[in-house]
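Kindly generate the complete structure, drawing on both the sequences and the hints.
So the protein lines, in turn, are chains A and B. Using the numbering used here, read the first sequence as starting at 2 and increasing by one per residue. Using the numbering used here, read the second sequence as starting at 2 and increasing by one per residue.
Keep in mind that the hints were calculated from the coordinates and are not lab data. There could be a bad hint or two in this list.
The calculated lysine-lysine pairs, modelled on DSS-like cross-linking and capped at a C-alpha distance of 25 Å, are [stated by the list, open to error]:
(1) B:K142 x A:K151
(2) A:K75 x A:K378
(3) B:K315 x A:K378
(4) A:K151 x A:K173
(5) A:K173 x A:K184
(6) A:K366 x A:K318
Facing chain A, according to a computed beta carbon distance under 7 Å, are these residues of chain B, among others [said to hold, decoys possible]:
(7) N28
(8) L33
(9) E130
(10) E136
(11) A164
(12) M165
(13) T232
(14) S235
Every residue gets a Cβ at the ideal spot worked out from N, C-alpha and C, and that includes glycine.
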Amino acid sequence: MGQDNRPKTSLTRRTVLSGAAALGLSTVARAQQLAEVKVGLIVPLSGIYTRPGQVMRMGAEMGVEHINAQGGIKALGGAKLKLVVIDCGDTTEKAKNAAQRMVAQESDLVAATGAYLSSFTLAVTEVTERAELPMLTLSYSDLLTERGFKFIFQTAAPASRQSELGLPELMKLAETASGKRPKTVAMLMDNTATSVATAKALKEKIFAQEGLQLVVEEVWTPPLSDATPLIQKVRSARPDMLLFMPNAVSDAKLGLEKINEFGLGQGKIPTVSFSITIAEPDMLQSVSTDAVQGIMTVVANWGSKGHEALIEELKAKYKEPWMTQNVISTYGDMWLMKAALEQAGKADRLAVAQAFRTMDDGPSKYYPGGQLKFDEKGRRVGAGVVIVQWQSGVPVTVYPTDLALAAPFWPKKS
Amino acid sequence: MMQGLRSLLPILVFTVLYAALSLSVTNSYYQLVMTLVPVWAIFGLSWNLLSGYTGLISFGHAAFFGLGAYAVALGQIYFDLSPWVLIPLAAIIGGIAGLLIGFPTFRLQGHYFALAMLAYPLAILYVFEWLGFQEITLPIKRDAPIAYMQFSDHRFYTLLALAMMLATILLTRAIERSRFGMALLAIKQNEAAAEAAGINTLAWKLRAITLSGAIAGAVGGFYAVVLLVVTPQSVFGMLVSAQALTVAMFGGVGTVWGPVIGSAILIPLAETLNAEAGSRFPGIQGVIFGLAIVCVILVAPEGLFWKVRDFLRKRSGPQKMATQTAPDLPIAGSTLAAAPSPRERSQGKGDVVLEVRHLSRSFGGLKAVQDVSFKLRQNEILGIIGPNGAGKTTLFNLLNGFLRPDSGEILLNGREMSGHKPHELCEAGIGRTFQIMRPFQRMSISDNVVVGAYVRASTDVEARRLAADAIARVGLSEIADRIAGELTTKELRLMELARALAGQPRILLLDETLAGLGHDEANEVVAVIQRLARDGMTIAIIEHTMQAMVRLVDSFLVLDHGAVIVEGEPEVVTRDNRVIEAYLGKKWMAHAPH
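Given below as structure tokens:
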């Protein structure tokens with residue numbers, strides 16, 4: 002730490018330093034009382050992405066609580082996990098600065114998770130990579146694990162893979178439930194990085210592979226101000242399936258309202274999305290349960306079979322109506338860190354990173370599909386997807402079958 | 002030269018102290034904050050160079066910043082070029098963008114300019130999203146980090162940023178002190194007056210935005226290297242443009258210190274708030290930061306620098322003022338006596354310098370000037386009189402190029418000049434003053450006057466000499482270092498006169514130079530004008546007050562309803578019935594001597 006009290010900028014610097022010093026000292030004091038292992042959660046807790054950040058924090062807190070209640074890290078003599086929460090703000094610059102602060106001032110962190118938006122995760126991992134701090138993330142941009150980084154571990158299937166995994170399942174579902182395969186598809190998407198990556202994979206490969214013809218393609222820049230022209234095009238084309246890909250709740254609301262206003266809702270045109278936005282609890286504050294009934298979305302993770310107790314606890318403790326990807330993945334990340342610590346046998350970030358790289362712990366309890374094992378890029382081997390469907394006001398897992406909490410239905414054209 | 006070096010001292014001391022401070026900090030987070038301070042200071046300085054000095058507020062500096070950032074990121078991704086090469090390239094791109102944006106946008110003024118500028122980065126933002134550059138990262142170079150400006154020790158970034166900041170400060174100061182800076186300041190105070198003083202305002206504004214864009218592009222490129230991730234929002238977003246305004250306005254507009262002070266306070270403050278308050282009360286940092294800015298702007302609307310400077314000046318001011326005001330103007334007694342009356346000059350016999358033929362100009366249905374013709378001879382003083390709304394100022398505006406005549410000719414030494422731009426007419430030898438004075442408040446008399454000298458001077462030294470000469474001619478040499486804001490009306494009038502004289506015009510157009518002056522003061526100014534005439538100047542003067550004019554002018558041109566009603570020697574004109582009617586109304590005709 003720079004010990005410097007030159008008068009020039011000392012006023013602001015001193016406050017920074019004293020705060021940091023106090024933090025550092027208290028950590029040392031506590032560490033002597035009780036063996037603790039610090040893990041980081043760096044998520045947006047201010048600005049427009051606060052809500053997902055808060056939800057991720059719930060997952061992390063529950064995870065730490067459960068691990069500690071069950072005896073902590075056994076390989077470290079029952080050391081307890083300690084969660085260090087850092088706000089990464091709402092801009093890329095803030096995220097980068099927060100990450101720098103995390104690695105500089107929380108030098109005894111052994112691993113971290115979070116960042117949420119892929120732009121933030123990109124910036125945060127540029128810092129953690131250089132600091133050699135292993136970083137787990139639920140962000141699923143392909144770019145994250147294409148930079149040749151050695152300290153990033155992506156638990157979700159990358160965006161391009163999600164559409165590859167999700168769409169064929171949807172097609173099968175449609176065929177089983179309605180008796181015929183969809184032939185035409187309309188795609189309405191915003192131009193965020195996630196949507197663009199998903200659409201690229203769909204258009205270049207998967208549509209052709211599944212024999213789907215793209216009849217309408219419209220792109221908007223969030224925020225969407227009026228969905229009328231988009232939905233009009235869909236109505237006149239009458240596709241067998243609509244891919245509606247918003248990444249902001251307000252855009253999702255506008256689109257769905259128009260879809261219903263034009264009489265295309267409730268299964269007239271089966272609607273599918275590719276992110277958790279459309280299944281967020283906030284949706285019900287804006288649209289009726291009827292308007293979302295039957296809508297499906299392909300997501301990287303969701304509260305599923307085997308998580309019932311967790312879902313109940315989340316409801317009781319945080320008043321969250323259901324368990325989104327943000328909760329369950331972050332909860333799982335804590336267990337993944339525990340597993341790495343057990344394997345490493347010491348509270349050291351390099352050892353923990355090595356443990357992530359060499360880990361081979363079989364099927365995963367908190368992430369869909371695949372195993373607890375990472376490939377050389379840092380992608381979880383065999384990471385799958387979950388299909389969630391709105392049923393009576395709750396988005397429930399309907400695929401894969403072994404995780405499903407309800408049977409899916411294919412909305413039929415009436 | 003010595004003075005220049007001495008005034009550089011605070012900047013050099015600041016830079017050295019900052020460098021020493023940054024070298025002693027090893028915590029990588031503080032290091033990053035220490036890098037961001039000069040980065041945003043440079044961006045603020047770039048904004049200041051255009052908006053601080055010209056007063057044309059740009060809400061869109063992110064356009065240049067973002068182009069620079071993307072140039073560096075994309076250049077490294079697609080062409081494997083190093084930021085060492087790409088940052089200078091980013092400067093060139095930023096400069097070109099400045100020129101391209103400036104050219105159409107400078108047609109707008111005030112709020113319209115600000116709003117138009119706002120649109121550029123937002124439009125470019127969508128272009129980059131459309132191109133698929135939502136998120137790009139600078140590839141990590143593990144083999145040759147230094148060659149790609151990737152330092153493991155953050156202190157190098159701080160030193161680099163500091164070097165760029167020092168270069169920007171020195172450049173800004175060099176500009177501030179040259180004719181470039183003077184031209185920009187003149188534009189800020191009064192674009193019309195600047196144009197009339199011979200400044201090609203469009204050309205200077207374009208130079209300013211090009212340079213400003215180049216600096217913003219370079220620092221944007223450097224920012225990409227520091228941030229490593231470039232997204233349209235993080236480099237073209239509203240917040241980026243706002244950052245430039247915030248640091249400059251907080252610290253002080255129109256000075257190199259402003260953005261540096263603003264950045265040195267606001268960036269660490271925001272970070273401290275994010276670090277300390279943000280984790281306890283997420284979101285509170287934004288509230289505190291916003292309130293802090295609001296408070297400072299309320300207390301110091303021009304920024305901290307000027308507030309502090311005014312405060313210090315006030316404390317050391319009183320003694321200084323006393324010594325400065327002591328020697329009163331010497332012109333009153335001595336020169337009045339020496340001034341020859343009009344009769345003593347060879348009036349009315351010189352060559353025709355300016356000839357106006359059938360000049361007309363209407364605004365809609367109002368014929369402001371109709372069919373005006375007159376001749377102005379070498380060394381003559383022509384008084385243009387007439388009641389309010391007679392078209393006197395419009396006539397001047399036609400003569401110096403502010404307005405284009407609908408018809409008619411203006412011949413300057415036989416050359417047709419109507420329709421030329423004001424700065425061209427100024428160059429051709431027509432100088433003018435304004436009815437409403439627009440002194441450059443914070444500048445000294447010398448600096449105010451030197452603005453007018455550049456039209457004739459090829460070097461700064463020559464301009465200073467011309468200015469000093471002009472100041473001497475109006476008798477303000479004793480107080481040449483005083484700030485314009487402290488002057489009396491009479492001194493301001495004389496200063497404006499000196500500004501017009503500094504460009505060595507052949508013809509002086511004086512618009513109500515005696516307005517607002519007391520009897521004695523008016524006499525002093527009249528004496529100065531008479532002295533100018535004696536030295537060979539040709540003068541046209543607009544005035545209401547007949548009394549002072551009668552003693553001053555060789556002949557009168559009387560306007561009413563835009564048309565010439567009488568022209569001739571003072572004795573004849575003042576007895577003319579039409580003049581009395583125009584000024585006083587018909588019923589006074591009876592009292593007029595016949």
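ask   = For which of the previously enumerated hints does the structure constitute a violation, in increasing order of number?
value = 2, 3, 4, 11, 12
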